[in-house]
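Visitor: Quick note, the sequences are listed as chains W and A, same order.
Just so we're aligned: the first sequence equals residues 50 to 330 in the numbering used here.
Just so we're aligned: the second sequence equals residues 50 to 330 in the numbering used here.
Please note that the accuracy of each hint is not assured.
As the list claims (entries may be wrong) - Here chain A is said to cover these stretches of chain W; the calculated rule only asks that three of the stretch's residues, wherever they fall, bring their Cβ under 8 Å from a Cβ of chain A: (1) 155–162; (2) 232–246.
Said to hold, decoys possible - Quick list of in silico lysine-lysine cross-link-like pairs, BS3-like style, CA-CA up to 25 Å: (3) W:Lys190 - W:Lys117; (4) W:Lys225 - A:Lys180; (5) A:Lys145 - A:Lys276; (6) A:Lys276 - W:Lys330; (7) A:Lys323 - W:Lys330; (8) A:Lys235 - W:Lys117.
Rather than coming from a laboratory, the hints here were simulated on the basis of the structure.
The model shown is predicted, which means the values in this text are computed figures rather than measured ones.
Cβ atoms here follow ideal geometry from the backbone N, Cα and C, with glycine treated the same way.
There are 2 protein chains.
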Amino acid sequence: MKKHMFLQKDSKDRRNLPIGIFDSGLGGLTVVKEVLNFLPHESVIYLGDTARLPYGNKSEDTVLRFTKEAISFFSSKDVKILLVACNTASSLALPKLDDDYNFPIYGVIDAGVEEASKVTRVNRVGVVGTKATIQSGIYEKKLRKSSSNMEVYSKACPLFVPLIEEGWMEDSIAYKVSEKYLKDFKKEKIDVLILGCTHYPLMKTVIKYAVGDNVALIDSARSFAKKIKEFLSEQNLSADTAQSNCEFYVTDEPRLFRERSSLFLEKDIDFVTKINLEDYK
Amino acid sequence: MKKHMFLQKDSKDRRNLPIGIFDSGLGGLTVVKEVLNFLPHESVIYLGDTARLPYGNKSEDTVLRFTKEAISFFSSKDVKILLVACNTASSLALPKLDDDYNFPIYGVIDAGVEEASKVTRVNRVGVVGTKATIQSGIYEKKLRKSSSNMEVYSKACPLFVPLIEEGWMEDSIAYKVSEKYLKDFKKEKIDVLILGCTHYPLMKTVIKYAVGDNVALIDSARSFAKKIKEFLSEQNLSADTAQSNCEFYVTDEPRLFRERSSLFLEKDIDFVTKINLEDYK
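Isolated chain W (complex conformation):
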């Protein structure tokens, strides 16, 4: 978890600032859902870079550039903390940030790693994610750091997101794709599988079928929100107002985002603002 230096002296005034949540697209709404669940008094500013998604098959340089633009956007909005919900941005961009920002920046990886380390009994953990996330090796590195005798097995599953976007999460094709990607995990006798992409929990049923009922699936959104709750409380940064507010920003057409958001957020979004992230260099 990348935590940047930030000005803490005015924490009292910062308490009721919104939490920023950044994702390449819609998947990060699962983190919004969990944050609102664990922290109902918090306000949220969400940004989905829908014009340039997906990030999962792009290079580190490009994902870093996009993420820096997103951070500039949140700097202009004055948030008290920024959560990077996107696994690819958390894997590729956060380790490369060396600037100090006015708010701490937390990626989604550590929450999943910590929970997986707690849950596994045999120290054999699987990770699924985008090509870029898996190739970065960040989950392996962090899992191995968490326990010296941890065995980690990773697999990029680039067809999962398109299947979910097509609404075929439980189609027989999804079962076949899942079986093809995940069959080796059975041989490796993992007992925990980290779903290292915000979309994947939507394919839980099918993934569970492929890896077997005895494998616990870790959905990082939930553990991420729990960790952020602890952090805000420790830092005396929890909101102390009953009013909360959500603002949504995207880089492509708001209508497309609104139409599909309920899949992740499980409630309707009324108002979405389109911005051009390239203006935030």
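Here the structure of chain W is known, so what remains is to put chain A in place on it, guided by the hints.
Guide: Frame of chain W; chain A shown alone:
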């Protein structure tokens, strides 16, 4: 086919300028291949917007903005003609361009429409493409214009590109996906199917299996290159030098592009330059 006004008075000097070819990513290399095949003396400047691909699930406004930036890039390079290889950009952006440029701009749609109209005997044509291309209705409109009693059946096939990118073009999963998308074309008794996305010819075998051997598949890249050859000749714009040269530009990591280019171009690319299209507003 969108053809813009351009300065023709110096056509003699313009002959040996390169042909510009624009695509959202790698698929447009199939057009490069056909252009080099039909026009071996021509030089080519290729641009793939790999940092922001795919275009096929994005809005008209966004695709128009990206395409205008690409045109600005080609303006800086001085090309004699610009070919938009990307079906989505041709469908969504070209009809909205109202500026005059220093070179004519041709989209890929008309070449496919013309060939399909010639080939069909029963005036029942199918079209497959990205969500954005199919929703634009451009193929339907143009096919119906080509013949008053033309029946057109369209289907967006968003999983085809991810399947190709995964290298599963002939996997049993590709057969199942293709069957699911294309089964209705059999009922409609089409005799021609336009492959309205530069990637789809790579799934020809599987698509043919789903629609039946009696359906002719139209791969626009070839007919596009043939049409451009005629146009250049008519306009006295054909290159008259034996030397030809290809330059490749991308917006994401050149290495990723080089590694995967042979799938489409069927030859290796030595040198690729990375640019930031957002600098060409």
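Visitor: Work down the list of hints and note, for each, if the structure agrees.
Guide: Hints, one by one, checked against the model:
no.	hint	in the structure
1	155–162	violated (count 0)
2	232–246	violated (count 0)
3	W:Lys190 - W:Lys117	holds (24 Å)
4	W:Lys225 - A:Lys180	holds (24 Å)
5	A:Lys145 - A:Lys276	holds (22 Å)
6	A:Lys276 - W:Lys330	violated (42 Å)
7	A:Lys323 - W:Lys330	holds (18 Å)
8	A:Lys235 - W:Lys117	violated (49 Å)
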